[in-house]
Structure formats: C-alpha cells, structure tokens
Amino acid sequence: MYTQALDQIGKETLHTACADHAALEARFQQRVDADERIEPKDWMPDAYRRTLIRQISQHAHSEIVGMLPEGNWITRAPTLLRKTILMAKVQDEGGHGAYLYSAAETLGVSRDELIGQLLDGSAKYSSIFNYPTPTWADVGAIGWLVDGAAIMNQIPICRCSYGPYARAMVRICKEESFHQRQGYEIMLRLAQGTPEQRRMAQDALNRWWWPALMMFGPPDVDSSHTAQSMRWKIKRFSNDELRQKFVDFTVPQANFLDLKVPDDELAWDEQAQHYRFGAIDWSEFQQVLKGNGPCNRERLAARVCAHEEGAWVREAATAHARKQEARAYAQVS
Amino acid sequence: MSESRDWPLYEIFIRARGGLDHKHVGSIHATDARMAMEHARDVYTRRQEGVSLWVVKSTDIIASDPADADAFFEPARDKIYRHPTFYDLPPEVKTL
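Those sequence lines, one after another, are chains F and G. Note that the numbering used here numbers the first sequence so that position 43 is 43, with each residue one more than the last. Note that the numbering used here numbers the second sequence so that position 36 is 36, with each residue one more than the last.
There could be a bad hint or two in this list.
[Stated by the list, open to error] Here are the simulated DSBU-like cross-link-like pairs (lysine-lysine), alpha carbons at most 35 Å apart as the crow flies:
1. 41/F to 83/F
2. 245/F to 290/F
3. 94/G to 41/F
4. 23/G to 233/F
5. 94/G to 233/F
6. 23/G to 41/F
[Said to hold, decoys possible] Chain F is nowhere near these chain G residues, computed Cβ spacing over 10 Å in every case:
7. 6
8. 13
9. 22
10. 32
11. 43
12. 46
13. 47
14. 65
15. 80
16. 81
17. 85
18. 89
Since the hints were derived computationally from the structure, they do not count as laboratory data. Don't be surprised by glycine CBs; every beta carbon is placed ideally from N, CA and C.
Please construct the entire structure, taking both the sequences and the accompanying hints into account.
Okay, here's the thing in structure tokens:
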C-alpha cells in the first residue's frame, strides 16, 4: 500500500464551485469541519470528487504496480517460508488495489475506466516502483522502507473525510504492519549475516533511502494542493511533517542494524528532538515521475502484458456465467 | 477491456464470529454469485476475518436517500416516550 502524496500529481486546478452552490458548499464544509464522514450519495463539491478519484485511483494503481518488483522475487526467494511470506504480501497488495478501486467506484467512475487509464499510461502511480530490485536485500528494504513510508502516509487517511476511502484504509493499515516487519526481519538477518550479506543489505539501503524519502511528495513550499486537501480533511499532515516523522522513526532502526544511512548531513538535533537530514535531489523525482526512471517502461509493459494474457480468462468467466444463467432460465421456464 | 465491462458489482457482508450480525465490508466485481463468493473470500477474509459470507448484487440493494434523511426519519424525533429514561419513577421502586 503505497501513497506518495498522490494529491500532488496532476495538472488540474481546484476550483471552488460556482455561486449557486455556495450554500451547499458551506454546508459541506461545516460537515467536514465537524468531523462528519461524507458518504457516496451525499452532496459534495465536484473538485472534492475529482481530487478523491485521482488520489484513490493513483493509490490503487500503486498497489497493483507494486506487486511487480516483489513478484519477480517469488521464485527466487531463498527458502520455502520466504516464498510463502512473499506470496502472501503480494496477494495483500492485490487485495489493497481491489479495496481501493471499489472505494473509487463509489464516486461514480468504473474500475474498467481506471484500469484503462493505468494501462494506456495516462494515470500516475507511485514512482517508487520504477526502481529495480536486483538483490534479495531489496525485498527487505522495500518492506522496511517503502511499506514503512506508506504506513506513515496512510495512517492519517484512516480519518479521511470520505467514508469509503477511510474504511478501506483502516483495513489496509491493519495488513500493512506485517509487510514492514517481514521486511525489517530480512534486513536484520542479512545485517547479522556474512560480510557479503551485510554489503548486500547496505547496498539496498543506499539505493532505497532517498526514493523512500521522496514518497512523501514535494516539499511543502512547492505543494500546491496541500492546503485545499487539508481543508477537506483528505490530508491531515503536510508532506514535510510526515517525512520528518519517517526519518525520526527509521534512523534508529538503521542504527540497530548497524547500517549507515547514506546521508552525510544526517545529525540528531537535540534541541528540536529531530534528525536533520540533507537536501533531496528533486530533479531525480521529477525525472522518474515523467517516465524516465530505471523501470517505468518495464513495469507498465509487464502490467499490460498480464492484462492482455489474462483476457481469455475474463472472457471465459463471462461466457460461463451467461451459460449458467441461460440454463437456470431454461429450467424455470 | 470490454469483456469485463459487464461484470456486476456485489456487496460483501461478513459474520466475524458466531452470534454476531453480518456486517458490510466492501464490494467486489464478479461474473456470477459463485465467483463473487470465492473472490470475496480471497479479498476480505485472508486473515480469518469471518465464519460466514453474504454476497448481494449491489443493484438489489435499495437505499434511503441521504438528501431526504431529515424528513424520512423525522417521525421518530419527537417520540421520546419510547425510551425507558422518559419515565421518572421514585428511586425506592426497584427492578424497573
């Protein structure tokens, strides 16, 4: 489960609704301010609906694409237990995608439409999945750092103003903790292993640290949608707040592994009670977002291929259902 | 993707333990009731979340309109005498 300040992505601006809707809008905002949940059939501003459709669908796409970098390790996991754990995790990600597409559908879009946007490349997904997973330690680092960052992003969404999204997120967060813990355990075993295994763990941390920090989205000063999303209680904390919290939680975990976080400027600020960290290379983030990351094309191609190769299964299931229905109808008539 | 466009939506209800009500947990697309049941099991009960499942076609659910909620539920609003606490009884009377 992975969000990446997804509300940042996308070009459309958020309008306030026209004057006719002023009263409805005011009433809507009152409900949100009073921490009431908005449900599918309730009146809501168009911009709120659009923002949610974009954010929830990008979140769903991220779950689905997120199955790929780990899925390609299922056959190569070092033990049978690790294989079964990894399969369970990848299955969870598929399930999370299903919960989220359902939540998006309550806003009046169809799942087919959303999946179509993913496959034709017009929809975004978390750019973290456009990085490669060359070693087994990457599976550990993904669970620990990527799922860890995702949890940090997602826990506040459990209190999102939109009911179906909040409820899906409660279910997802419950399952996410297993993902992070199994990842850290892989890192722990490697960090306590042979010198070669330690090097592998360090190498994975080196490669995943900065992309994990970028998962929280652009710095607050560059984040155009944050204020509106916060007013609507779709978002509860700013990108920088969540990123800082992630660093504060994660650095001691890295220290325990006796691995070095790849940031020479990282230092504990006693007065602020926070870790200070170095500048993030946002040009890399923009490049990956634009489709020029190490694996953008490969990931989408794998997704399109899986969809096309599964077409006959979907067609057969539809045909079977029609036949059963016809038979049942023939029996009663 | 046109081949899956017709897959109906089913709402999923789970009884977490014997003795409890079935509770709505989400929805799923499936070609028929049997597939809905199997997919609901795989998607919503991977961690023993339930001992019984109901799947209901979403189109078969008739819901009240939130826009009319005030008027629709209004008849119950002024009938406070339906609650036991409405009745002020002397404290020395027991077991009432």
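Query raised in the report: Is the straight-line distance between the alpha-carbon of residue 23/G and that of residue 233/F 35 Å or less?
Result: 26 Å, holds
Requested in this report: Hey, is residue 13/G genuinely clear of chain F, shortest beta carbon separation above 10 Å?
Outcome: 14 Å, holds
Report task. Run the C-beta distances from residue 43/G to all of chain F and say if the shortest one exceeds 10 Å. Result -> 5 Å, violated
**Report entry** Restraint status (C-alpha distance of residue 41/F to residue 83/F at most 35 Å)
**Finding:** 43 Å, violated
Report task. Examine each Cβ of chain F, and state whether all of them lie more than 10 Å from the Cβ of residue 80/G. Result -> 24 Å, holds
Query raised in the report: Taking 10 Å as the cut and beta carbons as the points, is residue 32/G off the interface with chain F?
Result: 4 Å, violated
Query raised in the report: Far enough from chain F: is every CB of that chain over 10 Å from the CB of residue 89/G?
Result: Since the minimum Cβ distance to chain F is about 36 Å, residue 89/G lies beyond 10 Å and the statement holds.
Query raised in the report: Would residue 6/G pass as off the interface with chain F, using Cβ distances and a cut of 10 Å?
Result: Given a closest Cβ separation of 6 Å, the condition is violated.
**Report entry** Pairwise hint evaluation, residue 290/F against residue 245/F, where the allowed Cα distance is 35 Å at most
**Finding:** Judged against 35 Å, a Cα distance of about 27 Å means the pair holds.
Query raised in the report: Is the hinted pair residue 23/G and residue 41/F satisfied, with a Cα-Cα distance of at most 35 Å?
Result: Status holds; Cα separation ~20 Å.
Requested in this report: Over 10 Å to the closest beta carbon of chain F is the bar; see if residue 22/G clears it.
Outcome: 16 Å, holds
Query raised in the report: Against chain F, does residue 46/G keep a CB gap of more than 10 Å to every residue?
Result: 7 Å, violated
Hints 1, 3, 5, 7, 10, 11, 12, 13, 14 from the earlier list are contradicted by this structure; the remaining hints agree with it.
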